[in-house]
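As you go down the protein sequences, you meet chains D and P in turn.
Read in order, the letters of the first sequence are residues 1 to 247 in the numbering used here.
Read in order, the letters of the second sequence are residues 1 to 247 in the numbering used here.
There's no promise every hint is true.
What the hints assert, rightly or not - In silico BS3-like pairs for lysine-lysine, Cα to Cα no more than 27 Å straight-line:
no.: 1; chain 1: P; residue 1: Lys134; chain 2: D; residue 2: Lys74
no.: 2; chain 1: D; residue 1: Lys223; chain 2: D; residue 2: Lys139
no.: 3; chain 1: P; residue 1: Lys134; chain 2: D; residue 2: Lys91
no.: 4; chain 1: P; residue 1: Lys223; chain 2: P; residue 2: Lys139
no.: 5; chain 1: D; residue 1: Lys145; chain 2: D; residue 2: Lys210
no.: 6; chain 1: D; residue 1: Lys230; chain 2: D; residue 2: Lys134
no.: 7; chain 1: P; residue 1: Lys91; chain 2: D; residue 2: Lys134
no.: 8; chain 1: D; residue 1: Lys134; chain 2: P; residue 2: Lys74
Said to hold, decoys possible - Simulated coverage check for chain D against chain P, where a stretch passes if three residues somewhere in it have a Cβ under 8 Å from a Cβ of chain P:
no.: 9; region: 5-13
no.: 10; region: 83-96
no.: 11; region: 112-121
Stated by the list, open to error - In silico negatives: residues of chain D with every beta carbon more than 12 Å from chain P:
no.: 12; residue: His56
no.: 13; residue: Ala57
no.: 14; residue: Asn80
no.: 15; residue: Asn105
no.: 16; residue: Lys174
no.: 17; residue: Lys187
no.: 18; residue: Glu208
Rather than coming from a laboratory, the hints here were simulated on the basis of the structure.
Glycine included, C-beta positions come from ideal geometry on N, C-alpha and C.
Number of protein chains: 2
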Amino acid sequence: MKRVRLKVAYDGTNYCGWQIQPNEVTIEGVLNETLSELLDEEIEVVGASRTDSGVHADGNYCVFDTETHIPAEKIAYAMNQRLPEDISIVKSEEVDSDWHPRYQNSMKTYQYTIINRDMPDPVRRLYTYFTYAKLDVDKMKEAAKYLEGEHDFEAFCSTGSQVENTVRTIESLKVTQNGDEIAIIAKGNGFLYNMVRIIAGTLLEVGEGKLEPSDMDDIIASKDRGRAGKTAVARGLRLVEIKYDEN
Amino acid sequence: MKRVRLKVAYDGTNYCGWQIQPNEVTIEGVLNETLSELLDEEIEVVGASRTDSGVHADGNYCVFDTETHIPAEKIAYAMNQRLPEDISIVKSEEVDSDWHPRYQNSMKTYQYTIINRDMPDPVRRLYTYFTYAKLDVDKMKEAAKYLEGEHDFEAFCSTGSQVENTVRTIESLKVTQNGDEIAIIAKGNGFLYNMVRIIAGTLLEVGEGKLEPSDMDDIIASKDRGRAGKTAVARGLRLVEIKYDEN
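So here's chain D without its partners, still in its complex pose (with noise of 0.2 Å):
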């Protein structure tokens, strides 16, 4: 028996996200599958970030045991061959037996990307939000420094959500432009339940000018989802990287 980490990348346009569903297509659904057929064994992958349906990933982890005598690092190599385009293995390798992806320290890394000019680009859709908006992003980083660290996010989550405790650090939120692409980099050891969109939300807001950087305090301080910007659409959004403390 071994445990096996997989490093996954995958275009969540045709996805209802990572986890799990009945009569829904997932990432967690065709990984337990693909692999179940491969090794020959009923196998269930545990996941380090539950992705949202539409989220994309550089690098989103998970791991499971098997009694496979196939190598470890082999495994990513025989999955790329089964799996849908949308959906590739980056890396695999065994880890120990009780290493487990979420309950590792770990840095992660997302990104929300936006195009800002006239006219949609189709190429970059499925990837980006696009707004014809003319944003000012020096105010968006000026309310980006406002939630770095740590803080109570309750207004920034979900409403859905069923967390007790909403403090949460965010190590970095950085905005940064190159040419007509604003992206939305948040680093953190953990985020709310669409946190990341709703902090996109509302720095879109900010750049529009319907909410200045200063305001951030206060809709931190209220608690109030309904102070906090719109829930930014889902395709703008990717996991980067998850860094674990061994790395």
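We have chain D; now place chain P onto it with these hints.
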């Protein structure tokens, strides 16, 4: 009556190329239908570049004549309301009544994009060609230099083509690398059928060590399609820009 020029961007994934064909969905076909409906006239556009099935564009051009009173600049906005997400009008403007997108001197820029890493990347798959074979980019750059300038490119033209004169001038052919992304950027005022994709396929074989940069002279001189590399897959190709002399 006025002549209107459209700058058109599209994701070619789900289209049988630019040119209208019976029983196939094409960019030209969708533009004709959408314009005819919007302007309530029978509209037939005349395009600049008849890109192949699966090829993308940031800026192809076409023109049409219309009796409409809608200002030419507004047509882009009205069209984008009606077009599917994978086609976008970047700009619309009035041009002289004798302006023709193929009878003007122009400089076209095509880019062929390659992802070169161990495992495929789902998020870029629709717009790039993936290879895990480690490419020698310096050799690709060296080979590209041989192809610049005026040559008879018969060896780089698909055999189905009926064109008589296969002499063309490549203004520049650059190979750039940015992380795992290798771009082949070709500029010229005209290319033969499949020429950029055959050049990309040939440079890929150089990168893999199957051909040497110095073989390029022989391949050109042979005028033999069989001597050049394979036609690289369509999804990696993008018409980036057409610059008309008066622009």
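- Query: If you draw a straight line from the CA of Lys230 (chain D) to the CA of Lys134 (chain D), is it 27 Å or shorter?
  - Reply: holds (18 Å)
- Task: Sort out whether Lys139 (chain P) lies within 27 Å of Lys223 (chain P), counting only the CA atoms.
- Result: Holds - the C-alpha atoms of Lys139 (chain P) and Lys223 (chain P) are around 22 Å apart, at most 27 Å.
- Task: Verify that the Cβ of Lys187 (chain D) lies farther than 12 Å from every Cβ atom of chain P, and report whether the claim holds or is violated.
- Result: holds (19 Å)
- Outside-interface status for Lys174 (chain D) - nearest CB in chain P farther than 12 Å: holds (19 Å)
- Message: The output says Ala57 (chain D) does not contact chain P. Does that hold with a beta carbon cutoff of 12 Å?
- Response: Answer for Ala57 (chain D): violated, closest chain P Cβ roughly 8 Å.
- Task: Take the region 112-121 of chain D, compare each residue's beta carbon with every beta carbon of chain P, and decide whether three or more fall closer than 8 Å.
- Result: With 4 residues in contact (Cβ-Cβ under 8 Å with chain P), the coverage given for the region 112-121 of chain D holds.
- Item | Hinted pair Lys134 (chain P) and Lys91 (chain D), Cα distance within 27 Å | Holds, at about 17 Å.
- Stated coverage of the region 83-96 of chain D by chain P [criterion: 3+ residues, CB within 8 Å]: holds (count 7)
- Message: Next pair to validate is Lys91 (chain P) with Lys134 (chain D); report whether the Cα-Cα distance is within 27 Å.
- Response: holds (17 Å)
- Query: Can we trust that Asn80 (chain D) is non-interface, i.e. its beta-carbon lies farther than 12 Å from all of chain P?
  - Reply: Asn80 (chain D) is in fact no farther than 12 Å from some Cβ atom of chain P, at 6 Å.
- Given as non-interface: Asn105 (chain D), which should sit over 12 Å from chain P by C-beta: holds (26 Å)
- Is the straight-line distance between the alpha-carbon of Lys134 (chain D) and that of Lys74 (chain P) 27 Å or less? holds (19 Å)
Hint compliance for this structure: hints 12, 13 and 14 are broken, all remaining hints hold.
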